[in-house]
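Sequence lines, in order, name chains A and B.
The first sequence begins at 1 in my numbering and counts up one residue at a time.
The second sequence begins at 1 in my numbering and counts up one residue at a time.
Worth flagging that the hints you see were computed from the coordinates, not collected in a lab.
Cβ coordinates follow ideal geometry from the N, Cα and C atoms, glycine included.
Taking beta-carbon pairs under 8 Å as the criterion, some of the chain B residues facing chain A (in silico):
1. LYS203
2. GLY271
3. LYS408
A short list of chain A residues far from chain B (calculated; beta carbon distances all over 12 Å):
4. VAL79
5. ARG86
6. GLN169
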Amino acid sequence: MLLVAPAALYVLVFQIVPVVYGLILSFTEYTPLQRGAPTFVGLQNYAALVGDADFRGALWVTARYTLQVLPVTIAIALVLALLANRSFRGVGIFRSALYVPHIVSLTAVSMIWLWMYSQNGLINDILGTFNLSPQHWLNEPSSALNGVSVMRIWKALGSNMVLLLAGLQTIPKNLYEAASIDGAGRWHLFRHVTLPGLRPMLIYVIATDIIYLSQSFAEIFVLTSGGPLRSTTTVNYLIYTEAFEYSNMGSASAMAFVLFAFIAALTLIALRGGRER
Amino acid sequence: MDRNERHTVYPANRRTFLKTSTAVLGSSLLVSACGGPSGGGSGADGDLTVWWPGVNPTEQDFVTEVLIPAFTEKTGRGAQATFIDWPDMSTRLNAGFSSGTGPDVYGHGPAAVADLVQYGRVEPLDDNLDQLDESDRKDLQTGLESGLVDDVHYLYPIASTGRQVAYNAEHFTDAGLDPDTPPTTFVSLREAAEQLAVHKSGKLQRAGIVFSAEAVGMQQAFTSILWAHGGEMFSEDGTSVLFTSDEGVEALTWYASLYQGDAPVDDNLGGTWDGLPPAQSPLATGDTSMTFTDPATLKQIMDAAPELDLRFMDVLAFDEGDEPAAFGGAATGLMINPDSQMQDDAWEFLKLTGSKDYNSMYAQEVGIVPVRASAIDTDYVKASPAMASAVANSEAFRSNPNIPAWTKIRDTLAQYLEQALNGQGTPKEALDAAAAEIEPILAEGR
Numbered sequence: 001m002l003l004v005a006p007a008a009l010y011v012l013v014f015q016i017v018p019v020v021y022g023l024i025l026s027f028t029e030y031t032p033l034q035r036g037a038p039t040f041v042g043l044q045n046y047a048a049l050v051g052d053a054d055f056r057g058a059l060w061v062t063a064r065y066t067l068q069v070l071p072v073t074i075a076i077a078l079v080l081a082l083l084a085n086r087s088f089r090g091v092g093i094f095r096s097a098l099y100v101p102h103i104v105s106l107t108a109v110s111m112i113w114l115w116m117y118s119q120n121g122l123i124n125d126i127l128g129t130f131n132l133s134p135q136h137w138l139n140e141p142s143s144a145l146n147g148v149s150v151m152r153i154w155k156a157l158g159s160n161m162v163l164l165l166a167g168l169q170t171i172p173k174n175l176y177e178a179a180s181i182d183g184a185g186r187w188h189l190f191r192h193v194t195l196p197g198l199r200p201m202l203i204y205v206i207a208t209d210i211i212y213l214s215q216s217f218a219e220i221f222v223l224t225s226g227g228p229l230r231s232t233t234t235v236n237y238l239i240y241t242e243a244f245e246y247s248n249m250g251s252a253s254a255m256a257f258v259l260f261a262f263i264a265a266l267t268l269i270a271l272r273g274g275r276e277r
Numbered sequence: 001m002d003r004n005e006r007h008t009v010y011p012a013n014r015r016t017f018l019k020t021s022t023a024v025l026g027s028s029l030l031v032s033a034c035g036g037p038s039g040g041g042s043g044a045d046g047d048l049t050v051w052w053p054g055v056n057p058t059e060q061d062f063v064t065e066v067l068i069p070a071f072t073e074k075t076g077r078g079a080q081a082t083f084i085d086w087p088d089m090s091t092r093l094n095a096g097f098s099s100g101t102g103p104d105v106y107g108h109g110p111a112a113v114a115d116l117v118q119y120g121r122v123e124p125l126d127d128n129l130d131q132l133d134e135s136d137r138k139d140l141q142t143g144l145e146s147g148l149v150d151d152v153h154y155l156y157p158i159a160s161t162g163r164q165v166a167y168n169a170e171h172f173t174d175a176g177l178d179p180d181t182p183p184t185t186f187v188s189l190r191e192a193a194e195q196l197a198v199h200k201s202g203k204l205q206r207a208g209i210v211f212s213a214e215a216v217g218m219q220q221a222f223t224s225i226l227w228a229h230g231g232e233m234f235s236e237d238g239t240s241v242l243f244t245s246d247e248g249v250e251a252l253t254w255y256a257s258l259y260q261g262d263a264p265v266d267d268n269l270g271g272t273w274d275g276l277p278p279a280q281s282p283l284a285t286g287d288t289s290m291t292f293t294d295p296a297t298l299k300q301i302m303d304a305a306p307e308l309d310l311r312f313m314d315v316l317a318f319d320e321g322d323e324p325a326a327f328g329g330a331a332t333g334l335m336i337n338p339d340s341q342m343q344d345d346a347w348e349f350l351k352l353t354g355s356k357d358y359n360s361m362y363a364q365e366v367g368i369v370p371v372r373a374s375a376i377d378t379d380y381v382k383a384s385p386a387m388a389s390a391v392a393n394s395e396a397f398r399s400n401p402n403i404p405a406w407t408k409i410r411d412t413l414a415q416y417l418e419q420a421l422n423g424q425g426t427p428k429e430a431l432d433a434a435a436a437e438i439e440p441i442l443a444e445g446r
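All chains should be modelled from the sequences, with the hints used to inform the complete structure.
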């Protein structure tokens, strides 16, 4: 008990206490500017969320963002991992180059993409060379979330690829040899050896991606500030606004716990789906 | 050893651990939930603590190397400045006040004042201001009004701002317009924008005018047009919405006409260039002939594109017979924490920062609009057309209403303005819907 005490104390003070405090706050009305204790309001903050169209909209945007980034990222990262798993000249550089976006801060990357998406940015310049008119990538409600998604896919590829590559390298080579001797072609090797062998890592990558993507904030803050017409307002962005612009810590905490439940549900679905297969 | 036995091996230790954990958890939650009566401030003998909004290195140098030494020389007391990025200012103040570690003096924009007043986190300045010369007060008048809540002053202005239309004189000449007699009303501005806009294949190749289309920018633009038409946002006591008036509907109709209808002149709906360097603003790149902006931004654009003949129009009226008016007033001000034990020194710090000499120096170093009307005679203002125009127009600038929950009200209004600008419903429908949502917030704040 004594040996685990420091770690237990750390977990208690820095993880459990803030979470429990957040949960308590979600049942109160509280602004840090006020003098005195938060006012207990019971389930009022949660009840208000049920009828809050902005919150429902943000949940939908969060779900859409997560579900449109996730499969594309996983698919491309898997292809890249399969390529990087081969031995060819320069494979080290190939792997490193793909991992670089993961090292750079999301805020810095978002700034660079903001410039690329701007009226006179790189992407419109490329369109211009093909005599295509410039687009307002982040200014149109129909395209803004897709624009952010493309950036996020690019950003997430490196880490996903490295994890999947590690997963690929744990699959015993003799399984491939045995399957080949039995006449399995490339597709069958991938379908019946690679994918089953990769499943634990794939489930881990999907679960962590769901958790990260559902909490997206920095790229939204930098690229679109939740607009236009709230088409990119995620729940986390809404929580930031509620807590730090309007100083409503109680309702912001309630939103945070609903988001937690939402993420847990998505993750459980992914885990269960992975297990059933 | 079966499973049940394992559970009974160290029951005492487990209970002790659980009890200790519960006690630590409970006591820390209790302490944090109770909050503290004090919002911080230094003790009576230490240095004055100042939380300064902005992390511009030049600004930091000015405060630490010029302002604080001058303060120390005057009062014999030291001062410690912490520079905080603007977007983090409210968060840091919230944390400081709730934990009892707030500063003696802090800076913020006028938008925060009413909420700070509501929770007793800002000291009234009227007794101190009464000791200033009448001429001194008059010199600061527009900025001082930005910090008024229920006729009491709380904010001491140190930088000004305003919204005006900047334009490219060469584009005016090319379009057959006289750059020396630019539009004086929003109605004539729309006509000029149509002449200046360049279309290609049915699309705008060069906008006639662009407005920054993020939430704050949209609210400031609408409010400027509304005021320029003689309308008001709220009743004087801040309890009811007035922006649904005929003037409000006409103002929003004009604003939406920039994007909708047969001849749109602004293709920047949904866009902002806040995160982009000044050289990439549409006025600098030639993607627009006019833009609705502030003097500090125009100065940066002019510095980034010195080859362009860029100018500022005077503040506009809506139509002939209306009085010119626009959003403006104090951009930044300093406030005193009522929990500070150095009230007199805190006031001295405010007074020094806003004094003629130091405020001019500060404005020049940082490239912002000085807060005093008399600054029009300084070399810095005379040498900068953007600053000179802003100072000369200072009487036409008005601050946003100082009412509690202003940021929420502002964002709610902006949400409906954006819908109208996108053609989702009529301007009247948008304003009525905004009013329906804002009225309860107003009622709650009072």
